[in-house]
Amino acid sequence: MCNGVDVTGMRELAVASRQASWEAQAELNVLGTPAAGGRERVRTLPMRLGPGRVARPFALTVATAPTRPAAAPDLGADAPSPMAAALAALGGCAAATAATSLAVQGAYATGISVRAFAGRPGPSLGAGLELDLRGDLDAGQARLALEHVRRFSVIRRTLAEPAEVRVIGTWTGDEPRSVTLGPSGAAQDRPATAHEVRVEWEGGLRSIATSAGSRMEIDQPKQLFGADSAPNPQEYLLAALAAEALAALGGRSGSGAGTGTDTGTGTGTGTAAELHVSARLDLRGWLGVGPRPVGLRNILLQCLWPPEDRDGLDRLVHWTGHGAVLGLLRRAERPHTSVTVNGLPISDGLPVGDGLPVGDGTPAAGDPRPIDGSDTSPYLQ
Amino acid sequence: MDEPPRSAAERLVGELHGAEATALLAGSGAAAGGALTALTNPGGHVIVPAQLAGPVRDFVENDLARMGREVSFTDCTDIAAVGACLRPETQVVLTESLSDPLMRPSPVNELAELAHAADLFLVVDNTALSPALLRPLDLGATLVVERCSPYLDGRVGLDASVVAGPPRLVRRVAAQAARTGARLDPWSSELLAASLRALALRMSALQRNTREVAAFLRGHPGVARVNLPDFDSAPWAAETHRGFGGLLSFEPRAPLVPATHDESVSLPARTSHAGLGARRRRAAGISATLVRVAPGIEPPARLVGTLRGLLDAARPAPPRVPEGTRHV
Chain A
1 MCNGVDVTGM RELAVASRQA SWEAQAELNV LGTPAAGGRE RVRTLPMRLG
51 PGRVARPFAL TVATAPTRPA AAPDLGADAP SPMAAALAAL GGCAAATAAT
101 SLAVQGAYAT GISVRAFAGR PGPSLGAGLE LDLRGDLDAG QARLALEHVR
151 RFSVIRRTLA EPAEVRVIGT WTGDEPRSVT LGPSGAAQDR PATAHEVRVE
201 WEGGLRSIAT SAGSRMEIDQ PKQLFGADSA PNPQEYLLAA LAAEALAALG
251 GRSGSGAGTG TDTGTGTGTG TAAELHVSAR LDLRGWLGVG PRPVGLRNIL
301 LQCLWPPEDR DGLDRLVHWT GHGAVLGLLR RAERPHTSVT VNGLPISDGL
351 PVGDGLPVGD GTPAAGDPRP IDGSDTSPYL Q
Chain B
1001 MDEPPRSAAE RLVGELHGAE ATALLAGSGA AAGGALTALT NPGGHVIVPA
1051 QLAGPVRDFV ENDLARMGRE VSFTDCTDIA AVGACLRPET QVVLTESLSD
1101 PLMRPSPVNE LAELAHAADL FLVVDNTALS PALLRPLDLG ATLVVERCSP
1151 YLDGRVGLDA SVVAGPPRLV RRVAAQAART GARLDPWSSE LLAASLRALA
1201 LRMSALQRNT REVAAFLRGH PGVARVNLPD FDSAPWAAET HRGFGGLLSF
1251 EPRAPLVPAT HDESVSLPAR TSHAGLGARR RRAAGISATL VRVAPGIEPP
1301 ARLVGTLRGL LDAARPAPPR VPEGTRHV
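These protein sequence lines map, in sequence, to chains A and B. So the first sequence is residues 1 to 381, counted in this note's numbering. So the second sequence is residues 1001 to 1328, counted in this note's numbering.
This is chain A alone, in the form it adopts within the complex:
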């Protein structure tokens, strides 16, 4: 045990996953429903993990309207916006990956701070990560931690790689119908304003993210070597998507990020809509075992809205082209990632664009490094 990370357990899972692929298959699920006052309630549902299940019923409140619900202070007065939840996922996952990398190297960290941001000026979506590692660490250890974040951080790879996101809407009127939208490569609106979330590593795979007064705890289930204390980064990302889509169905902009895409038809009082978001994760990618995708796959949003809302489908279609969190996923831009050690910048020595393979793990042209787990898994060295 180093940095609170159960390296032996991760190594055992890597070995088991190499021997039996089903040990590494995970399916995550969240269920979102509207709450009053421009808030969405998102519950984590049981996760399928290998031959078993993981059941941690966490409830998240996500703010999709700028005003605080004065009449209902228990409904997350300081709830994060969907974009803040997504960036917390990005930062928390990076912090845990860096802590794990240092643990594998036998390097003790006294602290890890991450700034996860989006919407910074520039031609891209302006998303990225800035890590500061603290402790008696040398540049080589920091560079390897940075490389591991770029390679094995699930949320970063989810944002960096073209991910299939399917949206199925079902209207429960007297003429029920479903519509499947995407995947498409349509350009998304970039966030109109910059967003930043600060993440402080607490130990093990646990972190605390803060953004504009909201506080988000991030952890992993004990089956994935966490402490069961909070949703994991993947669930935060799915919750952000669920909340944004729910807000769109309710007629609000949804991201809480000022995308300027508010359709202006809703009052934010909540509807009977229900939104289920699921995704698959092959842990072999996370563990570096074999040429497997690291990020979330088969992201599926299933929306159900009441019969009296005849414009729900139009708003959902609008959201698929303009949702800020959805845009982060569908633009597939690699978040810029840098590292400092005790505040001092470290040159990563990597070419522009990371030089890392994307997609299904096939090495990109000119990339000399294989992604085969036998060569790259930190746990099988």
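No lab work stands behind these hints: they were computed from the structure. Yeah, the Cβ is synthetic: ideal placement off N, Cα and C, and Gly gets one too. Hints are supplied without guarantee of correctness; some may be wrong.
[Stated by the list, open to error] Facing chain A, according to a computed beta carbon distance under 8 angstroms, are these residues of chain B, among others:
| # | residue |
| --- | --- |
| 1 | Gly-1044 |
| 2 | Pro-1088 |
| 3 | Glu-1089 |
| 4 | Gln-1091 |
| 5 | Ser-1233 |
| 6 | Ala-1237 |
Start from chain A and add chain B according to the hints.
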């Protein structure tokens, strides 16, 4: 976290069960309790046998619920009953390989199929059969747990239990148990290792003696029903079991009053299952008069004599003749 060195007893239990990893834990309920806790999360749900008793019952009813797990009690020898309890948050099914005290064998292979199909972990408490008669891991169980007494330790009375299965899961159970207890001490471990070498011999003698006692009971007019499975009543077990252990129970026609100090003959309603209360005992099918018999490896003549005495003493008295009636 380095793998602790395995003791001789752990190696032997591992070989007997065909397990990659085993851990000996102090406390007879530590293995089952540790497994239920380690394999579930707060908010999870477990399915356990309705007739579960002893420290594991206490743990499941009190501690596990306080740790945020929901528990369903059902007849875990009945696949349909287990299936009816499944929920999205169900994580573990715990079953006893032989339900005590009704002595119903659990179809471990079918339960394993159900568990695999539903992404659940199947934990089998194999105390009543021991690895000499059943190897649940071969049948698809995720983990096997056993109390060391009375069979593994040869009635030495070790307050210990063992968990066996895949290394990743056994390590989690051992780590969970270590939070509130400890590994078994070396001396007890040595005692267990010495005892395990003669396990097959003891189980063979136990089964022979149990069949002999059952034959006596079936022939006695004071006995309404004997609970001891065999391959005629459970033909499906021919592929999975090598026997049905050294326990039996019977329903007498009139209540028996066994000596309180005699551990081989007892009333579960007053001893092992007294804590369940009458309502839950009825739900589990355990009557107030059910008698549990645990023959030892010694010749059963003395035990048969004890049972005969109890049954004869309980024989209903002949009907009293009303006063004034004349006999012709």
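For each hint, the structure was consulted:
1. Against a cut-off of 8 angstroms between C-beta atoms, the interface hint on Gly-1044 of chain B holds, since the closest Cβ of chain A lies about 4 angstroms away.
2. Look at Pro-1088 of chain B: its Cβ gets to within about 5 angstroms of chain A, closer than 8 angstroms, so that hint holds up.
3. At about 4 angstroms, the closest approach between the beta carbon of Glu-1089 of chain B and any beta carbon in chain A falls short of 8 angstroms, and the interface hint on this residue holds.
4. Here the hint on Gln-1091 of chain B is kept, as its CB sits about 5 angstroms from the closest CB of chain A, short of 8 angstroms.
5. At its closest, the beta carbon of Ser-1233 of chain B sits 32 angstroms from a beta carbon of chain A; the interface hint therefore is violated under the 8 angstroms criterion.
6. Using the Cβ-Cβ criterion of 8 angstroms, the hint placing Ala-1237 of chain B at the interface with chain A is not satisfied: the shortest such distance is roughly 25 angstroms.
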